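Undergrad: Below, each chain spelled out in residue letters.
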Amino acid sequence: MSSALIKCLNLAKTVGNATVRSFLAAPKQPWQSCSAAALQTPHVQMPMQMHTSAVRRDLMEFFDDKKNWSENEVKVGRAWRTEELRIKSNKELHQLWFVLLKERNMLLTMEHECNDKMEVFPSPERIDKVKISMENLETVVRERNKAYHLLETGETGERPQKAVKNAFGLQVSYKACEHALPPFMNLKWIKSRNIGYGGRAVNRFLLKYREKLYNAKRKAKNRSRNEVMMILRRNPNFDLDVLRRQFPDVNVDKLRNEDKIRGHYVPKVGV
Amino acid sequence: MSTRWYPIYQRGNPQLRVFLPNFWMKLIRPTEEQPPNVVTFSVSMEMTKYDVRNYLEKIYKLPVVDVRTRIAMGETKKDQTYGYITKKDDVKLAYVTLPREESFVFPDFFSEKAEKQAKEEKSLDESKAGFRRFLDRNKKRPGTPGWFSI
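In order, the protein sequences belong to chains D and G. Counting from 1, one number per residue, gives the positions in the first sequence under UniProt numbering. Counting from 1, one number per residue, gives the positions in the second sequence under UniProt numbering.
It is worth saying that the hints were derived from the structure and are not from the lab. Quantities reported herein were computed from a predicted structural model and do not represent experimental measurements. In this text, a Cβ means the ideal position worked out from N, Cα and C, and glycines have one as well. Just to be clear, a hint being listed does not mean it is correct.
Facing chain G, a subset of chain D residues (Cβ under 7 angstroms, in silico) [as the list claims (entries may be wrong)]:
# : residue
1 : 59
2 : 109
3 : 215
Isolated chain D (complex conformation) (with noise of 0.2 angstroms):
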């Protein structure tokens, strides 16, 4: 720990004025800005933990800095992205949530107060670029998971899911959970398992709802179709390879021989 804690404040001098959690913070590009957790907690981490007497200080943690309880607005850089977050170490990821969470932490209890206080709270999407972070970070963290248990196990290590069929008949996903009884003996579990479906209300329901899907269907190809047809009477040397690449599902070379492509025009003949 105290020979984590000299190279930590070693790199710090290494890097100069920049500070352990915004060098972690930070993106790689130069050019781009720093992220809203480096922005709003320029306090060193190491540091803090070294010095344990800051109770005050801790509480203070929930709340921005002093100056920027006066402001109108805060500039802080965008969120995290996945690329960047792919090329961190798991420590560093680790260290980075709790920097996010307690950004957020301290986001929510600033906007509370301006609530309260009906007051303007400065910059409120600085909570939304924290979250799209935690997501994106949650992201990697599934992605390393998933890749460690298929390399280890050949298996995800998620939930195993399964279609089944609901008391509709409609098809849904359903993920599989631990339970602390065996299943002949889960009686609460049993009862609530809707095996099989049937009766002749279902099969009727069944009936009308594909013809709905079957409708929208038979529309949106008619649309198209329709579609195609008012561009080429309209503008006769369209180009082709334009109309079979937007519309996969209209057979333009077919449309062609149509008289409803035909427009209301006298064509030229050469005399």
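Dock chain G against chain D, hints included.
TA: Just chain G, lined up with the frame of chain D:
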């Protein structure tokens, strides 16, 4: 400490650690008078008092003596025209007791803002006075432009 799915704990198993806690806590101004070493938080609805204690002790390095939680019911309001009732979300409040020698006072954020606004209003009044003086110059010569002067 997390809303995610974890394996079921059976007695005798090792206690798993939560690496990415996603509960939130915010420090709010107490509505009643409190002793100086009691701090009021609004926390996630899924948090228990043990979660609150662990959160503050492990993440924020605060010494915690006691934690009490309660769920405050959201206020209900009846629409005057159509009569439907709306209800705000319930909120879980945590009252954290710090050691006796600690004391916490909720800071006042907006006093500096009031001073700054007063200063801005003063400068605005000065601008208005200057503009009024500019208009008064040609008060006795209607129809002449403002720059017309001896």
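Undergrad: Hints first: check each against the structure and report whether it holds.
TA: Hints versus structure:
1. 59: Hint on residue 59 of chain D: holds, closest Cβ of chain G at ~6 angstroms, below 7 angstroms.
2. 109: holds (4 angstroms)
3. 215: With Cβ-Cβ at 35 angstroms, over 7 angstroms, it is violated.
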